[in-house]
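Same order as they appear, the protein sequences are chains Y and A. Quick note on our numbering: the first sequence kicks off at 505 and runs consecutively. Quick note on our numbering: the second sequence kicks off at 170 and runs consecutively.
Read the hints as simulated data drawn from the structure, not as lab findings. Watch out, some of these pointers could steer you wrong.
[Unchecked claim] Output of the computed footprint for chain Y on chain A, the stretches with three or more beta carbons under 8 Å from beta carbons of chain Y:
1. 171-183
2. 279-288
3. 334-346
4. 369-376
[What the hints assert, rightly or not] Under the rule of at most 27 Å between Cα atoms (straight-line distance), these lysine-lysine pairs were calculated in the DSSO-like manner:
5. Lys593(Y) x Lys212(A)
6. Lys824(Y) x Lys834(Y)
7. Lys834(Y) x Lys696(Y)
8. Lys553(Y) x Lys1019(Y)
9. Lys212(A) x Lys561(Y)
10. Lys1179(Y) x Lys212(A)
11. Lys878(Y) x Lys683(Y)
We treat Cβ as the ideally placed atom computed from N, Cα and C, and that holds for glycine.
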Amino acid sequence: MTIIEETTSTTATSTTATATDTAALSPGGNPMGFGRMLRKEDVRFVRGKGNYIDDVKRPGMLHGAILRSPYAHARIVSIDTSAAEAHPKVRAVITGATLEGLKLAWMPTMSYDTQAVLATDKVRFQGQEVAFVVADDRYSAKDALELIVVDYEPLEVVMDARKALDPGAPVIRDDKEGKTDNHIFDWESGSKEATDAAFASAEVVVAQAMLYPRSHPAPMETCGMVAEMNPVSGKLTLWSNTQAPHAHRTVYALVAGLPEHKIQVICPDIGGGFGNKVPIYPGYVCSIVGSIVTGKPVKWIEDRSENLMSTGFARDYHMKGEIAATRDGKIVGLRVDVLADHGAFNATAQPTNYPAGFFHIFTGSYDYGAAHCKVTGVYSNKAPGGVAYACSFRITEAVYLVERIVDCLAAELKMDPAELRMKNLLRPEQFPYTTPTGWEYDSGDYPRALQMALDIAGYAELRKEQAEKRARGELMGIGLSFFTEGVGAGPRKHMDILGLGMADGCELRVHPTGKAQLRLSVQSQGQGHETTFAQIVAQEVGIPPEDVEVINGDTDNTPFGLGTYGSRSTPVSGAAAAVVARRVRDKARIIAAVALECSPDDLEWNRDRWSVKGDPSQGKTIQEIAMLSHSSLELPDGVEGHLDAQAVYNPPNLTYPFGAYICVVDVDAGTGQVKVRRFIAVDDCGPRINPMIVEGQVHGGLVDGIGMALMEVIAFDDAGNCLGGSFMDYLLPTTMEVPSFELGETVTPSPHHPLGCKGVGESATVGSPPAVVNAVMDAIGVRHADMPLTPAQVWRAMQGRPLRTDLAIE
Amino acid sequence: MQTPRSFEYERATSVDHAIALLERLGPEARLVAGGHSLLPMMKLRLAAPEHLIDINPLVADLSYVRVEGNEVRIGAMTRHAELLASPIIAEHFAILTDAEKVIADPIVRNRGTIGGSICQADPSEDLSAAFAALKASVLIRSGTGERLISARDLHVGPYETAVGPAEMLTEVRIAIRAGSGSAYEKVERRVGDWAVAASGAWVQMSGDTVADAGIGLTALGVAHFCSPEAEAVLIGHAPTAEVIAAAGAAAASITNPPTDQRGPSDYKRHLADILTQRAITRAVARALGRN
């Protein structure tokens, strides 16, 4: 997809002098540090020389395919694999019974639940894995699937989360001993008493129920694996397009009982992740078993429908919000009751202590007296997952809730939504600010960002135009949203996944000629890590970005870390890279001092060299120092040769990027069609390492958000059929549905991140959907209708009969 | 990588060859032109023909848009993109240009063919309604000769046409009528999606009065993709706002749209009304040179 860029970049003064200054150019013509430069990885991508999982070919490689359940809920009476096994090109047919023998029929999820690898007793969602065929080629594997005869006894389904806890609802997880209902968890945050008290004395209370419907990250490349068990060495090599290679290696070791040092996970180039490639999927385990059983490498790649129907979905939050305020528009309280549909297995991948992710950041960007939320998780006969699609561990749902209900409050008070927001935004002097649910926002200047967005939009003029159009019967809407993100998990004492603390290792090695290798634990899925991290090294230690090779995606050759999701790469591994670069710089100072026969204290750092204070001609460049570090130069006691460093970065807090978004829509009053005419996005993610990459991240997120607001949904019919199982049914926006984006920027550095950077990967996905929905509601004069706002939904909302979007349209 | 079931592949070198192959290979053989309907179904294993007869080599014979006498003839292998780019079509039948702009996306339009589209007879296919509105005819060849039938009679039902198992549709013919104008109006959830609903209108004006009219309806559960009821409301009357509103209501009244994820039937019926009104309004303006 191509997005025509139209960038209005207005950089406000930063509050501290961090490294936002334009760097001098490197010999390769790149910035010697932060600044715009073309992505290093694009040299191969634009030439079609990327190497993706399906490009991996191994000698003697076989191909796997998965038989999936046509039913959402059914008892398996029998499985007959004899005809498939008789297929001349089939090497193995694996069923739940096979795996039971290996104690692998069930696996742990990242939320301490269990998930069937291949179904044994029942199938619990349409598309669930039932059998795995390994054949000489992919066609034969698929042909053989049609030869497997499964006798199913269909059961009553639970497709409507709002009925999952009804007495008498079919129990989906009867595999769990003593389980008599579909309840997973209850979770609360904030003070119920204080909130109830605030509501009891409030002048105005507005309530609104809203659904953030189930959507799917739909990465361009589907999930897949090539598993190769070497029967001689006992080494298991896994080419996998996971976002978290190290965490996956550990989980495989725990699940399969394989020795961790004999498992190597290699990530080739990855064609998008968006959280879809965080979980462990049954197909991965089947590929490993397939390789062990056949003694050959086994490749398994999902097709598009398999990806959409069975892998990690996003959202599916049924939210009842209430907001309390004074008559003149001061918000005094917010409470929300959430029903969270987690599907057939609770397989969300989020920090252990947070079963609802970071949803309790739902107070957003405003100054409250009190807030409280209660989240109830339930099972349904839908695919498992929940945390994906750039949701920032459920902050997407939280921001949607608060930004929608603030607009509902504005409508109730007959107050301009920009004025209402400005009146309630946290003020710069309140930072660091502890929210009623316990988050410590580290920094921010919210009014400045909102004012910038209003200025770029020409807000007053837009309202005037809207009034004129309304008088002519034309529908135009202006929607705002203001979001506060929380990204960069850990700290490890609060945040872990399956007991693995969320901290990241990093290693920098400078070769004798001054070229460097930086080894990361995080895994790029297209975000541009090879460029961004090279620029961090360039900024900190003066090695040109073209001279820094960034290595990720090979667990044998990179340090341990939790992976790339939740916008954590720059906040956590970016900090780790800065730390190792500074350690190298510090060591370089000692070596330079020896060479220059002076004290390290007499030296000062100047971009790429240590030089004598007051005499810049007397100095050593980092490249010269690198050679010296490997030379015969006598180093002081306790200083080892060579120039390298390693670190494990444990973040002291999340970082809190924020932004102000404004969407302008035109709605066809006759047909309900929505045209997004303008979208203004002012983002503050701290200093921007590569502004071009940041803008690309923002553009992508805005497209995602417009897609979710207007067209994307995974709905189900009452028999349990998935109604979003192909790109003919699950619509993704194209360049035709989005405008040229108008971007703005403020810079409020994070006080605790070494570079002040806050992360930006999910900001736009989090912030944009409510702006679009608010704009459409503003245009049609309706309090609320659920996403996606398809033409039919908009028209029905105008008729006062909005559709229920998670179920088949009736 | 897609994995359809295995099939045999034949490459036709002429229309006669293609028909001979159809006769010889029987009912499990399918012609493939642009392939943008058949191949996705094969990919999903919803269709599994034993033989594919590739008729792309027939482009030399069957790809054209030309004026002959008082009609325009369109070869069945004409690609959507070629119809969209045709100045002859833009001059005489703006409805087709309108429709082509909203059929799928450029990639599909570069490959998909006119004949393939209307023979697929998908109820959501746009050209079927456009040709129905234009009262076009289609030429069908067999081993023994050829026959010309109305485009409205081509469609027997959803995914069913009057083209026999060993026949091939080769041409669409549309009469050029003086003083006429046409337009197509479609609502889709997203560019490239199938129509939620669409309406096409063709009118021939005689002074201020509608002398003849054609109304085509897409994805609305209407037999033969047309609404003679709406046409009857227009013919013989000046196209006033009231008459156009009545025609829209008449079109909507005969629809039987399915409720699906594109929208509930009441919404689609509403679209039949409003899109028909809009299409007629634009068609009249074009006929009167007020475009």
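Taking the hints in turn, this is what the structure says about them:
no. : hint                   : result
1   : 171-183                : holds (count 4)
2   : 279-288                : violated (count 0)
3   : 334-346                : violated (count 0)
4   : 369-376                : violated (count 0)
5   : Lys593(Y) x Lys212(A)  : 21 Å, holds
6   : Lys824(Y) x Lys834(Y)  : 21 Å, holds
7   : Lys834(Y) x Lys696(Y)  : 20 Å, holds
8   : Lys553(Y) x Lys1019(Y) : 24 Å, holds
9   : Lys212(A) x Lys561(Y)  : 23 Å, holds
10  : Lys1179(Y) x Lys212(A) : 33 Å, violated
11  : Lys878(Y) x Lys683(Y)  : 22 Å, holds
Checked against the numbered hints given earlier, the structure breaks hints 2, 3, 4, 10 and satisfies all the rest.
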